[in-house]
Structure formats: structure tokens, C-alpha cells
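Participant: Each chain, letter by letter, is given below.
Number of protein chains: 2
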Amino acid sequence: MKPIKVGLLGIGTVGSGTFQVLKRNQEEIRRRAGRGIEIAMVADLNVERARELTGGACEVVADARQVVEHPDIDIVVELIGGYGIARELVLKAIANGKHVVTANKALLATHGNEIFKAAQEKGVMVAFEAAVAGGIPIIKALREGLTANRIEWIAGIINGTTNFILSEMRDKGLDFDVVLKEAQRLGYAEADPTFDIEGVDAAHKATIMSAIAFGIPVQFDKAHVEGITKLQATDIRYAEQLGYRIKLLGIAKRAEVNGVAGIELRVHPTLIPAKRLIANVEGAMNAVLVQGDAVGATLYYGKGAGAEPTASAVIADLVDITRLATADPGHRVPHLAFQPNAMTDTPILPMSEITTSYYLRMQVADQPGVLADITRILADATISIDAMLQKEPAEGESQTDIIMLTHQTREKHVEAAIARIEALPTVAGQVTKIRLEQLS
Amino acid sequence: MKPIKVGLLGIGTVGSGTFQVLKRNQEEIRRRAGRGIEIAMVADLNVERARELTGGACEVVADARQVVEHPDIDIVVELIGGYGIARELVLKAIANGKHVVTANKALLATHGNEIFKAAQEKGVMVAFEAAVAGGIPIIKALREGLTANRIEWIAGIINGTTNFILSEMRDKGLDFDVVLKEAQRLGYAEADPTFDIEGVDAAHKATIMSAIAFGIPVQFDKAHVEGITKLQATDIRYAEQLGYRIKLLGIAKRAEVNGVAGIELRVHPTLIPAKRLIANVEGAMNAVLVQGDAVGATLYYGKGAGAEPTASAVIADLVDITRLATADPGHRVPHLAFQPNAMTDTPILPMSEITTSYYLRMQVADQPGVLADITRILADATISIDAMLQKEPAEGESQTDIIMLTHQTREKHVEAAIARIEALPTVAGQVTKIRLEQLS
Numbered sequence: 001m002k003p004i005k006v007g008l009l010g011i012g013t014v015g016s017g018t019f020q021v022l023k024r025n026q027e028e029i030r031r032r033a034g035r036g037i038e039i040a041m042v043a044d045l046n047v048e049r050a051r052e053l054t055g056g057a058c059e060v061v062a063d064a065r066q067v068v069e070h071p072d073i074d075i076v077v078e079l080i081g082g083y084g085i086a087r088e089l090v091l092k093a094i095a096n097g098k099h100v101v102t103a104n105k106a107l108l109a110t111h112g113n114e115i116f117k118a119a120q121e122k123g124v125m126v127a128f129e130a131a132v133a134g135g136i137p138i139i140k141a142l143r144e145g146l147t148a149n150r151i152e153w154i155a156g157i158i159n160g161t162t163n164f165i166l167s168e169m170r171d172k173g174l175d176f177d178v179v180l181k182e183a184q185r186l187g188y189a190e191a192d193p194t195f196d197i198e199g200v201d202a203a204h205k206a207t208i209m210s211a212i213a214f215g216i217p218v219q220f221d222k223a224h225v226e227g228i229t230k231l232q233a234t235d236i237r238y239a240e241q242l243g244y245r246i247k248l249l250g251i252a253k254r255a256e257v258n259g260v261a262g263i264e265l266r267v268h269p270t271l272i273p274a275k276r277l278i279a280n281v282e283g284a285m286n287a288v289l290v291q292g293d294a295v296g297a298t299l300y301y302g303k304g305a306g307a308e309p310t311a312s313a314v315i316a317d318l319v320d321i322t323r324l325a326t327a328d329p330g331h332r333v334p335h336l337a338f339q340p341n342a343m344t345d346t347p348i349l350p351m352s353e354i355t356t357s358y359y360l361r362m363q364v365a366d367q368p369g370v371l372a373d374i375t376r377i378l379a380d381a382t383i384s385i386d387a388m389l390q391k392e393p394a395e396g397e398s399q400t401d402i403i404m405l406t407h408q409t410r411e412k413h414v415e416a417a418i419a420r421i422e423a424l425p426t427v428a429g430q431v432t433k434i435r436l437e438q439l440s
Numbered sequence: 001m002k003p004i005k006v007g008l009l010g011i012g013t014v015g016s017g018t019f020q021v022l023k024r025n026q027e028e029i030r031r032r033a034g035r036g037i038e039i040a041m042v043a044d045l046n047v048e049r050a051r052e053l054t055g056g057a058c059e060v061v062a063d064a065r066q067v068v069e070h071p072d073i074d075i076v077v078e079l080i081g082g083y084g085i086a087r088e089l090v091l092k093a094i095a096n097g098k099h100v101v102t103a104n105k106a107l108l109a110t111h112g113n114e115i116f117k118a119a120q121e122k123g124v125m126v127a128f129e130a131a132v133a134g135g136i137p138i139i140k141a142l143r144e145g146l147t148a149n150r151i152e153w154i155a156g157i158i159n160g161t162t163n164f165i166l167s168e169m170r171d172k173g174l175d176f177d178v179v180l181k182e183a184q185r186l187g188y189a190e191a192d193p194t195f196d197i198e199g200v201d202a203a204h205k206a207t208i209m210s211a212i213a214f215g216i217p218v219q220f221d222k223a224h225v226e227g228i229t230k231l232q233a234t235d236i237r238y239a240e241q242l243g244y245r246i247k248l249l250g251i252a253k254r255a256e257v258n259g260v261a262g263i264e265l266r267v268h269p270t271l272i273p274a275k276r277l278i279a280n281v282e283g284a285m286n287a288v289l290v291q292g293d294a295v296g297a298t299l300y301y302g303k304g305a306g307a308e309p310t311a312s313a314v315i316a317d318l319v320d321i322t323r324l325a326t327a328d329p330g331h332r333v334p335h336l337a338f339q340p341n342a343m344t345d346t347p348i349l350p351m352s353e354i355t356t357s358y359y360l361r362m363q364v365a366d367q368p369g370v371l372a373d374i375t376r377i378l379a380d381a382t383i384s385i386d387a388m389l390q391k392e393p394a395e396g397e398s399q400t401d402i403i404m405l406t407h408q409t410r411e412k413h414v415e416a417a418i419a420r421i422e423a424l425p426t427v428a429g430q431v432t433k434i435r436l437e438q439l440s
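If you read the protein sequences in the order shown, they are chains A and B.
Residue numbers for the first sequence follow the UniProt record's numbering, beginning at 1 and rising by one.
Residue numbers for the second sequence follow the UniProt record's numbering, beginning at 1 and rising by one.
Hints in this document: simulated from the structure, not taken from any laboratory.
Every value quoted in this text rests on a predicted model; they were computed, and no experiment measured them.
As the list makes no split between identical chains, a pair holds if one copy fits it or if it spans any two.
Below, simulated SDA-like cross-link-like pairs (lysine to any residue); rule was C-alpha separation at most 20 Å, straight line: (1) K23 / E152; (2) K2 / H331; (3) K412 / T375; (4) K5 / R30; (5) K117 / G34; (6) K122 / G34; (7) K275 / G243.
Excised from the complex, chain A in its bound form (with noise of 0.2 Å):
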């Protein structure tokens, strides 16, 4: 059987390991496809560097609409990047019968359901492993692999940026921006490193994962995006004091408001029980936990970036569509894990609906009867505090600290209190507020 052609656009860091990865193991894989996968031309800008990293083993162009418009094209593998062209060319690779493969999870959290639209249509598949966690195979755990369950929650470190930049803080014990520096340094963190450290990049991925999970239309535009900024040193100590560990966390989530159900979607620093096995995964690794109704929790771990643990997700995509291209359209398994036909249009709840615990911390003039009004202003918007610290003041310091974790309680709820606390002439500047999820 003649090999299954692939047109790949760009050839990056991705697109360099994949032609590696695909070239190294080509009889391992043909082993496992029953056919053989073949780059046949790539796209790039840079056409020297391209047929240099190529050696000569396909045709180079600089113009991606070349390939997409090739008719010996089976398959488009889109590694541009971004939402602009991209959106584009894959459109067009679809209009064009291709089947497309992409790692882009900008353009399938924000244009997602108009490509899975117009692939449904023109049966294609679209697939997008590489997207989510790098080289883990979550989507397929969650799109395959765990179909006989009601998905009841999904919380991951699906940014290995910021996870290594909390691992360095918790370890050295120094502060974001040090160890900002130190990520770029070190090849971690990018020159503009804002998609990663604002959140938007665990947002993207949370998005999908949400999709998958629930059967709704991918909605970044309603995720909460928060990132580690504003993080500091000292609140990653407490939180260790009090048994737990900070990560940035996408979380997708079932919920109910008066009866109505919601889905919750967010990214933002986590307090999480530091025994927890996700609470463990340290430096660049990524982690997603799921919460089936009968499975469980299950756990998927591994690395989230690089030219090969990317390529490894894009390949495995490649051997999929080799071997479903031959089933009905209408049987394979479909993009977002239900079919088109039965989504739902379950809202995103705003974040002041959203249900979670908190940690608490405040700065607090150190005399008689402030934690009283503390307390009493929590117990009036029924919340309850479930551990505190409070601290002696420093050395001649007439302020100190106190930290209290809450029970679940709603966000407005804890938003209201907040402000009444800030109002309160012992209370100095804001409270320090970031979420805390059990995972249990």
C-alpha cells in the first residue's frame, strides 16, 4: 500500500521534530499503521533552512498554499501558529478534502467551532492532540478513553512555563520576577513570555478541554484567564505552612446555580493539598486530572512542550487519521467527543457564580478585637473558615499577617465580604485572595 502523504506547514520546533521523530522511527511506525507515513513537501518561509533540516527528502515551497491546493496531499499538518493565517490555510486544506493535523491551540479555542464545522461537512477529520499537554495523550483519554463517563471535573498544570516558575519560587523561595529571568534564561519561558504567564495559554487548552469534556462549544472568549503575576513569595510559605502548594490550574467543571446547571472554566493560582499527586509535578511537566462519575480520578502526566513530546502527539494524530480515514465519516470519532448533533448549550457561568474555597491573606494592625470583626463580617456572608494562621508581628512592626482558608463558599460571596474587610480601618491595603480546590 502506497504511503499516506502529509504536507507539513512550517517546519519550527515542532515541524523539525516531527520530520525527526517520523524519519527515525518511520519502520516502527509503519509497523503500527499498516502503511507508511510520508512527508511529502513542506512549507516554510525560511525555504534554505527548510531544505536543509529536510536533506533533500521532499519538496520545499515557501508559499503553504501550494500544499494546501497539492491534489497528492493527504494530510495538512498546520505548525504556523496563531490565528491569522492559519485559520486560513486550514480552512482551505478542508475545502480541499485534507484531512489537517494542528498543535494550534489559540486557533481551535477561538475558531475552533467554525473549522470542526466546516470539516464535519466536507468529512475530514480534524485532529488536534498536540494541542493540549504536548506529547500526553489526553485527548484521546478523554475523547476515547473515557466515554462511559459523565466527566464531572478537570483540573490541569497545562503550562509548563509557569509550573516551572512556581516550582523555582517554592524551592528558592524568590520572587517572580527573579525567576522570570531565570526561565528566559534558561529556555523556559519565552522573550514575551505573557501568553504563558497571564494564563491565556492554560486558557486555550482548558477551553478544549472543556468542549470534550461536556459536549459544549469551545467559548474562550467566556473562560476566566488569570495568571501568576502577581503571585508572591510569601503566600506560596503560608500556603506550604498550612500543607498545601500553589499551581496555575485550568479548571472545567459541572456545576449548578439555583437549580440550572453551569459549566465553570478558569485558569488561576490553586492552593492544592500538597500530598495530592498532582500537587507533585514539578518544573516544565504537565498533569491533568479527570473526574469520571464511574472511573474516578484518573491522572495523565508527562511533558507538555518541546520539538519531540509535540511531534509524539502530531504523529500519533497522523497514525489515527491513517487508520479511521477508510471508516464512515459519520462513525469516526468525533472532534469535540460528541457528536455535532448532540452538543449542548450548558453557559459558562461568570466567575462571581463560581464555587470554590479560598485562602485569605490580610494585613492587619496587631490590637484587641480585629479578628473579631474579621470573623464576624466572614460569618455574616456564611462563610466558614476551615484553618487560619496568624502570625506575631515582626520586630517592631506594629502589623501582621493573618491567612485563613474558607470552606466552599460562592465567589460574589467571598467578594463582598473582601470588600468589607478592606473597609475596615485595622485591615492595611487589599486582601490577598486565590482559590483553593481539594481535587478530591
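Following the hints, put chain B in place on chain A, whose structure we already have.
Facilitator: Below, chain B alone, put in the same frame as chain A:
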């Protein structure tokens, strides 16, 4: 589209779990599969109980042959267990053109080659996600998620009973016999726990994973099977002092002996560094660590047994078959990951030829020259020592324990050195040998 019809053979723990989850989540599952999945027939010797469990929702028969012969049944789910009647029924179902789902690791590890060959010839699927690590989709990860990789090794905690016992022995400092009784009382160990505690169950699962990882036939008879019954609480404590945990691991690993490729396939108690994520998998939980050349290490964690976790895997297989039934049989996912005509005959190595590190404990006389004799014997066998722990003799005792951790070495060299050490007049009794894996 009319539902796909399933016949259940055996409605014990997993069977009733499967029935319940399919019923509870039928709407969710139909939205994913694009087609209903209906249990149309159940066979169980206890017809009364089966009728009660199914509440009249389907036909109940005592004779399983009626199910595998029935023209309306599309998929047969075998949950009887054992090698005898189960094998016969599975082969009969295949001969009748029915797809098969089974949770029966004993059957597949011993008769898998025969069963997969029959299924291949008949063009039907035999799915068995539930046979390894319960609800964790590890078969799917290995067979589909990691297809880009040359798998280098797999190491798994794949028996919940023994992991529960080892966790309790460590936590409470109790001996094996005591904890086994507790495990039986709590339902974590069966009345006859032989298959679990002697490592046979783990070896069945490791055998299946080895075939999928390396493209070799299942060869349970070549597996090295060693349980936890001889493990002493004292070794767990010493391991802890050296920074290690002891887990019963199922290991499948590529190796080379004198330039010739081989496979290590072994189940035994293993020291692993306490800081590894998998070392912190406690109680009855399972986890499998997979090393691929492109993706690096990935880990899969969850419940390895129980009614609903196992049902989760059985139903995922049912959905997969529903989706793949329309695909050209030659393009479906191969049973053992590699195409049947692309399997290799890489041999499973005898234990004497495997290479790993070792924990050695010896009871020695507290007198000069003993350590010199021992280290000389090890040096003669070119075995390097990585760490050593020597205890002062207890009050009034003339003997003491020496514990050594070795570098990587071949098992036969260690065995030869142990024989020489045991022959020393200053060494009492036998040397305790436990294998050690860094898993990095």
C-alpha cells in the same frame, strides 16, 4: 440508527457495574457514540439474581452459548474469567462474527495469540482495555496515543491488592501476614489471594503490555513472576532510610545482550526513588509509567479495579467498536498495536541476563575484615556499590545488618557474588536481594 446489541457473559461485580453505568449514562454515551448501546442479553448461572439486577430490561439465560450463537447480538462481553469456558466462548463468538470485549487478562496473557489470530481472520475486533489497570485507558495510550514512539520500557503498579498491602506495611510498620488479613477483611484481597500476592495477576497484565509495546506475541510462560509474600518489614524500613519505596512493579523493557536485542519481562518487588511520582501511588491505586523515545516519560494513574472503574473501560471498548465497526478491518487499530504481519520474534530474556540495580541485605558478624571480604567479592564480580548502610549491632547482639545498593549490573553476576558472600563464615543465613530501578 438502531442501537448496537450487546450480550453480557457473567453479571458479577464488573458485569453489574457495566449494566448500571450503561443505564445511568446512556444518554451521554449515545451522544458520544452516535448510536445507542443496549445490553440485549445476559447469561449467568444465577438466573434469578441476574433477573433481579437487570430488572426485566433484557433477556436472561443460564447458558452462555445462547448469547454467542444469537443472531441479533453484535458484541459479546466476556466477564466470566479463567481460561476454560471463557476461551471456548470467546472463540465461538469470534467464529460467529461477533466483536468481543473482555476484561480477562489471564485468558489473553495465555491464549491471546490464538484469540487475536482468530479475530483477525474473521475480521472482528477483540477489545480489552479493562484487562490492564482497570479504568485507566492505558491500552489505548500505548496502542494509539504513543504510536510515534519507540517504547523503551514500561513499569507499572498494576495490582491494587499488593499495592494496598505494601502501603499498609510501610505506613504502620506491620508484617506481611498481618496486613494481608486486614486487606482480606476490608475486601482489598480475596479469600484466596494467591494470584495477587504471588505476582501472577500483575504478570498477566505486564505480558499484555509487553506485546503491545514491542510488537511481540503474548508470552506469559516466559515472564519472571515474583510476589510480595517474602518481603519483610525490615527491608521496607531500610529502603526508606536510603530514600526508596518498595513497590511490586510489572516491568517490560528493551534490552541488549552481547549486541542481540531482547526483552525483559518481569514482576517483582522493586525499590524506586521515593521522590518519583509513581513511588507516591498509595493504597489500591494503579499507575503505569511509559518511556518513549520521542515523548519521554508519561504516567497514567487511577483505579485499577472495582465495579465501575472496570466498567468504564469495558464501555469505552463498546463505544470504540461502535465507532470502528464501519472501518475497513485492515485499517482498524491492530489488537496488539502492530499489524499482525509486522510482529517480531525478539526473545524474552531469561532472568539471569537482565540488568538492573540491587538492594542487598546481609547479616554479618560484628568483627574486623567482614566488610573487606564482601566488598572484595563484589569488586571481583565488577559490581559497583552506590550506597551502603551499616547498623550498629543491637545491645547484646554480636551480629549486624549491612545494606548495599549496587550500580546497574547483570543478574547472573549478582547471583554468583551472593553465593560467594553466603559462603563466608562471617555471614549468617541468606542474602536478601531486592531489585532496584531508578525509572529515569
